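**Q** This is what each chain is made of:
There are 10 protein chains.
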Amino acid sequence: MLVRLLYASRASGPVTQDTLDAILAESRRNNPALGITGILCHGGDVYMQVLEGGREAVNTLYNRIVRDARHDPVTLLHYQEITERRFAGWTMGQVNLHKVNPSILLKYSEKPQLDPFVTPGCAAMALLEELMATAQIVGRTG
Amino acid sequence: MLVRLLYASRASGPVTQDTLDAILAESRRNNPALGITGILCHGGDVYMQVLEGGREAVNTLYNRIVRDARHDPVTLLHYQEITERRFAGWTMGQVNLHKVNPSILLKYSEKPQLDPFVTPGCAAMALLEELMATAQIVGRTG
Amino acid sequence: MLVRLLYASRASGPVTQDTLDAILAESRRNNPALGITGILCHGGDVYMQVLEGGREAVNTLYNRIVRDARHDPVTLLHYQEITERRFAGWTMGQVNLHKVNPSILLKYSEKPQLDPFVTPGCAAMALLEELMATAQIVGRTG
Amino acid sequence: MLVRLLYASRASGPVTQDTLDAILAESRRNNPALGITGILCHGGDVYMQVLEGGREAVNTLYNRIVRDARHDPVTLLHYQEITERRFAGWTMGQVNLHKVNPSILLKYSEKPQLDPFVTPGCAAMALLEELMATAQIVGRTG
Amino acid sequence: MLVRLLYASRASGPVTQDTLDAILAESRRNNPALGITGILCHGGDVYMQVLEGGREAVNTLYNRIVRDARHDPVTLLHYQEITERRFAGWTMGQVNLHKVNPSILLKYSEKPQLDPFVTPGCAAMALLEELMATAQIVGRTG
Amino acid sequence: MLVRLLYASRASGPVTQDTLDAILAESRRNNPALGITGILCHGGDVYMQVLEGGREAVNTLYNRIVRDARHDPVTLLHYQEITERRFAGWTMGQVNLHKVNPSILLKYSEKPQLDPFVTPGCAAMALLEELMATAQIVGRTG
Amino acid sequence: MLVRLLYASRASGPVTQDTLDAILAESRRNNPALGITGILCHGGDVYMQVLEGGREAVNTLYNRIVRDARHDPVTLLHYQEITERRFAGWTMGQVNLHKVNPSILLKYSEKPQLDPFVTPGCAAMALLEELMATAQIVGRTG
Amino acid sequence: MLVRLLYASRASGPVTQDTLDAILAESRRNNPALGITGILCHGGDVYMQVLEGGREAVNTLYNRIVRDARHDPVTLLHYQEITERRFAGWTMGQVNLHKVNPSILLKYSEKPQLDPFVTPGCAAMALLEELMATAQIVGRTG
Amino acid sequence: MLVRLLYASRASGPVTQDTLDAILAESRRNNPALGITGILCHGGDVYMQVLEGGREAVNTLYNRIVRDARHDPVTLLHYQEITERRFAGWTMGQVNLHKVNPSILLKYSEKPQLDPFVTPGCAAMALLEELMATAQIVGRTG
Amino acid sequence: MLVRLLYASRASGPVTQDTLDAILAESRRNNPALGITGILCHGGDVYMQVLEGGREAVNTLYNRIVRDARHDPVTLLHYQEITERRFAGWTMGQVNLHKVNPSILLKYSEKPQLDPFVTPGCAAMALLEELMATAQIVGRTG
Ligand SMILES: Cc1cc2nc3c(=O)[nH]c(=O)nc-3n(C[C@H](O)[C@H](O)[C@H](O)COP(=O)(O)O)c2cc1C
Ligand SMILES: Cc1cc2nc3c(=O)[nH]c(=O)nc-3n(C[C@H](O)[C@H](O)[C@H](O)COP(=O)(O)O)c2cc1C
Ligand SMILES: Cc1cc2nc3c(=O)[nH]c(=O)nc-3n(C[C@H](O)[C@H](O)[C@H](O)COP(=O)(O)O)c2cc1C
Ligand SMILES: Cc1cc2nc3c(=O)[nH]c(=O)nc-3n(C[C@H](O)[C@H](O)[C@H](O)COP(=O)(O)O)c2cc1C
Ligand SMILES: Cc1cc2nc3c(=O)[nH]c(=O)nc-3n(C[C@H](O)[C@H](O)[C@H](O)COP(=O)(O)O)c2cc1C
Ligand SMILES: Cc1cc2nc3c(=O)[nH]c(=O)nc-3n(C[C@H](O)[C@H](O)[C@H](O)COP(=O)(O)O)c2cc1C
Ligand SMILES: Cc1cc2nc3c(=O)[nH]c(=O)nc-3n(C[C@H](O)[C@H](O)[C@H](O)COP(=O)(O)O)c2cc1C
Ligand SMILES: Cc1cc2nc3c(=O)[nH]c(=O)nc-3n(C[C@H](O)[C@H](O)[C@H](O)COP(=O)(O)O)c2cc1C
Ligand SMILES: Cc1cc2nc3c(=O)[nH]c(=O)nc-3n(C[C@H](O)[C@H](O)[C@H](O)COP(=O)(O)O)c2cc1C
Ligand SMILES: Cc1cc2nc3c(=O)[nH]c(=O)nc-3n(C[C@H](O)[C@H](O)[C@H](O)COP(=O)(O)O)c2cc1C
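Sequence lines, in order, name chains R, D, W, F, Z, A, V, L, C and H. Residue 1 is where the first sequence starts when you use our numbering, and the numbers rise one by one after that. Residue 1 is where the second sequence starts when you use our numbering, and the numbers rise one by one after that. Residue 1 is where the third sequence starts when you use our numbering, and the numbers rise one by one after that. Residue 1 is where the fourth sequence starts when you use our numbering, and the numbers rise one by one after that. Residue 1 is where the fifth sequence starts when you use our numbering, and the numbers rise one by one after that. Residue 1 is where the sixth sequence starts when you use our numbering, and the numbers rise one by one after that. Residue 1 is where the seventh sequence starts when you use our numbering, and the numbers rise one by one after that. Residue 1 is where the eighth sequence starts when you use our numbering, and the numbers rise one by one after that. Residue 1 is where the ninth sequence starts when you use our numbering, and the numbers rise one by one after that. Residue 1 is where the tenth sequence starts when you use our numbering, and the numbers rise one by one after that.
Among the hints, a few may not be true.
[Unchecked claim] Over the 10 Å line for every Cβ pair with chain R, so calculated as not near, a few chain H residues:
#1 P73
#2 I104
#3 L106
#4 V118
[To be verified] For the chain A half of the interface with chain Z, some residues (derived, Cβ under 8 Å), not all of them:
#5 G35
#6 G53
#7 I65
#8 A69
#9 G89
If you are wondering where the hints come from, they were derived from the structure by calculation, not from laboratory data. Remember, predicted model here, so these are calculated numbers, not experimental data. Here a beta-carbon is modelled for each residue, glycine too, at the ideal position from N, C-alpha and C.
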């Protein structure tokens, strides 16, 4: 059973390049074996991540992520059983929301900075689809 | 929560270039900070404006607009909670209805001049979409 | 409130070029002020006309047309409240059904001559759309 | 081909009991032979009538009604090809809109008096259905 | 053209019985002539009101309400062109939200006190329907 | 924004009456203030719980539950933004799955004991609805 | 493959009780072995018959009926592959259309006598359903 | 009223070029006056023909075809009232099923030879559409 | 993953009471442990059986049934992944098709004896539902 | 009656080129006469095969395949009555799942190796469609 899970979280401290590199390194080390694919967005002190994979694998990882002290609280935006992944090509793609065209963010949120904590799940998913369609995701895995 | 609001109003006095410039200046000064985007149409003594943004911001502005002595009465044509803006690219685009091809106006109204006060909300929205699709809106903000 | 009205009628006498010219002259004189657009088809002793415009204007004209001694009976084929005109570009377009490719007529009727009195309203509307799509209407108004 | 036609008209003079009796007498004399059934509402100087029957018969009668000097203008509210009548039981039922509970009228119109000339066709049809459902129609024919 | 408008507002000062009586007196004085029906809910410093009637009448009143100093800000929750009223029987029904069963409020909101400013329009409408269905509205007008 | 969240988990040790009492006591102590309602099912070493409430509140609690050492892993079965709660009447209702009629369990699962880890989310939700409809939930809060 | 076939025909001579008895005798002799069920309506010089059964059986019978000199022309009104019969209980039910309440006929046709040759197939089927629902069919077979 | 009728039949004797020429000659002689268009397929001892035209005309011809000794039994596959013909361009197009690519036949039937007697009507219609779309029909009439 | 599987088969020899008793004994011995529920119909030399349960369990049993020498060929009529069983109450219910009212069989088949080998899967399923709804199934298990 | 059947099975021993050649030889020898088309996928010790053809032919073959000792268990993933084949061009196409781009497999399954035994039928069908669309099937038959 495949699922898609989208959550947002607030970083406990400043999101330095090192923090990000560490998380992405862990993702790229663990996700292929777990059959997990997805995208990690960050911007200011906010993370937003979509995870796709088997229901058990995604939840095991989500449990770990919830317990990770580097962010808190972790808030689910969307969760669905699926028959087809949409992000199958990314072990863990990456988006710096500060580099995204503000009018794309504005299309889905009240201000030109995304605040996922007040954004409905479907709008957050639609933003991710638009980022993918406009090739703003870094780190594709062949 | 994003909303889209469309209203029409009748100008209290003649709509001179100065009046228009004043309104547009106020819009461009205030709307970006409020996260509001939209289009202002005018023609004869009629205004028709679409506003998009957070529910609170749009309503705060609409309250101000309703109390503005430069027009009266202010009549809602359409109001909807949305997940995606359609006019995200305009701080406040501008359309002079007198310069629009009359057969476009005729498509949505009884006479080749738009009278929004007798036009159903969905027809007024459809006219705005057609104006955008045919690139008749001035003042795009990159 | 915009409406679309389609009717057929049988001419009281032979449809000469003069009769037609008279009707079209009256249409072009009156319709723009009424905000009415449409198409007049004729063939043999049959008229078929679609009228679009404000509900009041279209009915006022239809009342006049019903009382016009040049044809009788006048039979409604289709009537609908609409939000968009389909024939906004014609003050009163014109189609000589005798010049239309018979296989187009045959597509919507039992014989290669249209008999609107036994044709359902939706088939008659579909024929008009096909005539417009295949550019068989004369007299477009810019 | 069965059709249902609904129109409204404004009486040329005061609607006395005699005028009404005359119209209903004509209806009851002519309609059965034409296979026409329906309802005639009146109130103040307004008539609203629904006619059901063969397309030809209904239009022949509507032509006559349009030419009748006792009212003007005659405005179509609804017209549809149908497979089943809804008013098959009335040669010409009768409703005095002044005797109808005002809150029923208010449900479908802006004021507790019906003004069919500003009422959309579907709301007028819905009012007629509610009048039938609440047994406010006089003159059923077995 | 009938519309339904639902808004919420925050009272400028304490909502005493006198304030309420004044508003309801004004409503009952003005609304019948305007053809306006509806429901006024209050609870704590919050008002929530649904208004039904002609588009022009409802907007004229809403303009007045927006300018009324007794509350601010006034926030639209729902607005729709309709063919049938749902609250035709109330000149201005009344609900004290503090007297409503908390589990009914909880069904539509995050806490057992309604906070309409964070409630989506459709949930607020659904709450009003449930209040009507469970006969919790005071002040029906025959 | 209201959400509904359904998860299953496997108890770390035997589910004694004491463990259950402790969890239910915590739930009844915390949930009302959080505006959270729901149902807790248990059977063998399996928990299945549905939580309804504000998105933030439900996620804060879910984060806590994920970190609770008394069970592991915690697996999401269903998550949805909603406009109406279905379990508004229970601070935390309780179901002992061992006391449920086995043919109800069999209707939604492969064996007459529920194994939520292999059950699709919609089937698990349907089982909960059937338990509520057949009054098998203990501990309603007025 | 089950089918339902509905046709109408015009009797070559007067429909006497003897003609009818002969047809019904033939039907009752042949249809059970063919697995055919249905209804035969007659009225004036018109027959209308619905036949249900295997596609081959119904067509074999229809071929025979088309060649039967007692009527002509035979006109199909409706034909459909089905998964469930609607007239499974009648070897060949019987309806004398002259004995049917005229307002039932009027509901589906232009005049209170059915003329199936100008009736759309779906209206004719709807009439048959109404006759069955109002128990006007004679000759049920247990 | 336009209808589309599709039937299959088994030839009484061998289908020689002469038999075919005779049938096609009759079709081309009679069909234009009747307003009938269509396609005749043959292959082995099987005919399959689609006829479009007025309901009366198509049935009159079908009656004649049913009585034609050159084939038997004649089995209806599909019959429908339509508003638009699909084969308006063929007085009587012609397809030799033996010359059709077998994998097209296989797409709609159990074996690479079409046996219409065991084929559902919709599959047979779909085959005809595919033959038209792939230009395998001979004898188009301008 | 739950599935529903419906098949028909032809008995290799006469279906005596002993054969049936043996099959039902095996079913009742094995099915509860496999979590399989269903219905076995028989009539003449035909079996028709519906099986519900986990996908693996149902297929393991179906493999065994296909290899069972007591019948051949075994033909699938219907197969679907489901979220709810419809026959959860029967370890293996039983229907003697010879005792079923023939007009129920006739409703779904060409002759009053069911021949499942020419019956579409959906019609066979509909027959089973009707047998359950009319309480013609023997051997319910509490 | 055409059907489509999809199943998966586990090979009893290693899948050598010889085993595969033998199966494909049998398929190409038998399937054309049976009117059966389809695709055989293999990868590791797993087979997945789609079969299209007449219901009887497909089931006869499936019975034989179920009894074939070279694999076990055989598990149905999808079965449907169809009007059009999707794999009409392959006597028995062939796919080596080990040569398929892993991200295509990942799109439909939890790991980049397909495990059809835990894959829902619709996802397995979607994978096959994508393999066909991306031309990864070997052995097309003209
Ligand atoms: C925002 C965020 C996203 C993360 N995403 C992933 C991920 O996709 N995969 C992953 O393995 N760990 C991810 N982690 C890290 C996990 O919480 C955890 O630290 C990691 O899985 C431990 O991996 P290790 O056991 O290999 O050290 C993420 C952490 C954060 C804060
Ligand atoms: C037709 C019309 C449209 C207006 N649109 C806007 C607008 O989009 N944004 C805005 O800030 N003010 C708009 N205004 C002006 C407001 O009513 C008000 O005067 C203004 O917001 C006050 O701005 P200030 O406080 O910056 O002076 C509009 C006024 C009119 C008459
Ligand atoms: C078939 C037919 C179509 C007509 N269409 C129109 C029309 O579109 N507009 C119009 O003004 N008159 C139309 N007329 C003429 C009217 O019946 C009427 O004669 C005319 O409106 C009177 O115009 P006048 O008052 O300007 O002379 C039509 C008449 C016929 C017979
Ligand atoms: C509001 C109104 C409704 C009418 N309804 C009908 C009607 O249903 N049937 C009818 O025959 N005449 C009706 N008439 C009258 C016709 O216009 C016309 O006078 C009548 O059909 C002439 O009938 P006669 O030829 O039998 O005198 C109506 C007239 C009015 C003003
Ligand atoms: C929450 C609220 C609801 C109101 N509702 C109505 C109303 O339904 N009808 C009305 O006439 N006035 C209503 N009013 C009062 C109007 O704002 C305004 O004071 C009133 O229409 C003036 O009436 P008057 O001109 O008759 O004094 C409301 C005011 C508030 C604060
Ligand atoms: C299966 C399970 C369900 C739980 N449900 C709830 C709950 O609904 N509400 C709650 O407050 N705590 C619940 N808890 C307990 C929390 O994990 C946590 O221990 C508790 O919220 C701490 O409460 P306290 O801070 O008041 O001690 C649950 C724990 C388990 C194992
Ligand atoms: C209107 C009409 C309906 C008929 N319906 C049936 C029928 O349902 N079954 C039937 O066997 N014959 C029916 N027939 C008679 C057949 O045309 C034919 O005469 C008859 O099947 C011959 O039966 P026999 O071979 O047993 O004499 C009908 C004839 C007519 C005119
Ligand atoms: C398979 C088949 C198809 C036929 N199609 C037609 C046709 O489309 N039009 C037609 O007039 N006759 C068609 N016929 C011939 C008619 O059955 C009949 O013989 C013919 O209409 C008599 O025409 P005639 O009166 O001009 O001689 C067809 C016959 C067969 C066997
Ligand atoms: C028509 C038919 C239906 C059957 N249904 C079942 C069944 O539902 N369950 C079952 O265990 N065996 C069923 N069987 C018997 C199996 O084919 C097989 O003989 C049996 O499962 C072996 O059981 P055993 O290993 O306990 O002897 C059926 C056999 C036939 C012919
Ligand atoms: C995975 C698998 C797929 C098979 N597919 C087919 C097939 O498509 N057609 C076929 O005739 N046999 C197929 N077979 C072989 C049959 O099980 C059986 O051995 C074969 O039909 C016997 O053919 P023969 O009687 O011509 O020797 C398949 C076997 C396996 C294990």
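**Q** Evaluate each hint against the coordinates.
**A** Going down the list of hints, with the structure as the test:
no., hint, result
1, P73, "20 Å, holds"
2, I104, "8 Å, violated"
3, L106, "5 Å, violated"
4, V118, "8 Å, violated"
5, G35, "4 Å, holds"
6, G53, "6 Å, holds"
7, I65, "19 Å, violated"
8, A69, "29 Å, violated"
9, G89, "6 Å, holds"
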